[in-house]
Amino acid sequence: MIKAQKILILTALFLIATTMAFGVGYALFDEHQTLVGMGTLMATGFMEAAGGNMVSSFAALDSYGALAQEYGYEVHSHGHWGMLSLVLLILGLVFKQLALSEKQGLALAWLLALSTVLFPLGVLLQIGPAAALGKLLSVPASAGLILGLLIATWALLQKAD
Amino acid sequence: MTQTAHLDELREPVASDNQRLLVIGGLLMIASGMLFGDVFAMFVLHPNNARIGEAMYAASQLIPVGDADGILAEFMAIGGFLENRGTKVDTHSHIIHMGFIALLLAILQPWVALSDTARRRTAWLFVVSAMLMPPAIFAIYYVGLSFSPFEHIGWASILADLFGALLSLAVFIYFWGIWRYARGDADAAAEPAYLGRGNTASRALLVGGLLLLVIGYLYGAGYAALKETSVAPTEVDILKSIVTNAAASDQAALGADFSAFGEYQMYRAINRAVHTHINEMGILLLLMSFVQAFVHYADTTRLRWARCAVASGFALPAGIMLEIPYGIVGSVIADLAGFMMIVCLMAMLFGLLRHMGGTDMNAGGAA
Chain G
0 MIKAQKILIL TALFLIATTM AFGVGYALFD EHQTLVGMGT LMATGFMEAA GGNMVSSFAA
60 LDSYGALAQE YGYEVHSHGH WGMLSLVLLI LGLVFKQLAL SEKQGLALAW LLALSTVLFP
120 LGVLLQIGPA AALGKLLSVP ASAGLILGLL IATWALLQKA D
Chain B
0 MTQTAHLDEL REPVASDNQR LLVIGGLLMI ASGMLFGDVF AMFVLHPNNA RIGEAMYAAS
60 QLIPVGDADG ILAEFMAIGG FLENRGTKVD THSHIIHMGF IALLLAILQP WVALSDTARR
120 RTAWLFVVSA MLMPPAIFAI YYVGLSFSPF EHIGWASILA DLFGALLSLA VFIYFWGIWR
180 YARGDADAAA EPAYLGRGNT ASRALLVGGL LLLVIGYLYG AGYAALKETS VAPTEVDILK
240 SIVTNAAASD QAALGADFSA FGEYQMYRAI NRAVHTHINE MGILLLLMSF VQAFVHYADT
300 TRLRWARCAV ASGFALPAGI MLEIPYGIVG SVIADLAGFM MIVCLMAMLF GLLRHMGGTD
360 MNAGGAA
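These protein sequence lines map, in sequence, to chains G and B. Heads up, the first sequence stops at 160 in numbering that gives the first Met the number 0, and the numbers go up one at a time, no gaps. Heads up, the second sequence stops at 366 in numbering that gives the first Met the number 0, and the numbers go up one at a time, no gaps.
Isolated chain G, as found in the complex:
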């Protein structure tokens, strides 16, 4: 196992275990409450409209939208950490088949590992006060993921040829 493989495989396993623990904690302490809250807010929007109170209705629907977006961010972070870690693991396993020098391989491994950690983290941080930082992280990290995968694909096909 070369150094680049260690980076990819250990990062991936750590992230899989962590995102599983995150999923358990989220399901236990937040998800059900959030889903009930979303349903209640949407129903409130309709009921307030039925009572002729459109201001309260719109306020409830805005709160529903905010909560739904928060739910989306949380679920996407969990899912993306899990899926991207699988890709890291696979690339870690085939890393010796890439036509890259040791230095290039190490740089690619760090790019992929950091992007995999930071992209879902950036999405998660978009909830709450660090939203700007979250966007700042997620956009370059997603670009890093695409670039890293393209380089890995190219290097693998070069070697295979």
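Just so you know, these hints were derived from the structure itself, not from any lab. For glycine and all other residues, C-beta sits at the position ideal for the given N, C-alpha and C. Please note: incorrect hints may appear among the correct ones.
[Stated by the list, open to error] Computed footprint of chain B on chain G; a stretch qualifies when at least three of its residues, placed anywhere within it, have a C-beta under 8 Å from a C-beta of chain B:
1) 78 to 85
2) 110 to 121
[To be verified] From the derived model, a few chain G residues whose C-beta atoms are all more than 10 Å from chain B:
3) 22
4) 64
5) 100
6) 129
7) 132
8) 157
Chain G is fixed; fit chain B onto it per the hints.
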């Protein structure tokens, strides 16, 4: 075993009992997860979506008459439909992901620097928990809060979370084992030999899988960028229009709102499903490429199954995407592609079992 890789496990991914448990368990989980997805899409997803739309329309009709209790009842029903759909989507995705992880853990086995007993127990812990968590998720909708000591979480959820925690523990144990291997006198040359042993079938799967992953990443990034910059009405905008037009009893405008709402939900669901399925099919093809050397068929037969898997991997997300312009035709293509992928997986599993049987017989003969 401490810092030395298991030599047999470096030669093939189904050499030890631990690996066999993880590989067979993993393939069964993936195939059953896909079968579940096919059945769910055909019999639950589409009828359920229609019921949600109908209940929301019924709720909007109660706004002008001021029937708050009636509206609440409709939303209680919507909550049930959403839970029914959500738990089935989660069952489908979790069982497939656990299958993927099981296959990868099988390949990683020679690098897990733990005792044989610890490795065997961890493999069992992972496979049993992975097989029990999805049924627990599936049961959440049906068990509900019966006999639950908690306000929001029922017994099925508690069990699903328990199995999730055990899965996390199993992966942490493997992480610890590989960490020990990597920190010790790890032999840099110790590498599963079969990973580089390409044949035409494994190459077809490798190229197909990587292409799908690249497309999936680009699709996800493109969708996110489009969503950020789009000036189209959001879900909340449409909902506000619904309550406004319902309060004014403007049925024509309300019909247009519901049409927009349905279209919004459809685009969102299909785009997410396409992104997810492209990536999942990519990962699946890559995983299948690793074991081709041990699929005990003639070269032409093995290649045929590999090509069939690649074609199914591309056709499944394409079918989902075609649901936008062609509706049910796209669904049928996606379902057929999903079914074909299951058949390919089963064929490869049989090939692996033939290989294992041959290996065992040779070992028995030598003894």
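So which of those numbered hints doesn't the model satisfy?
2, 3, 4
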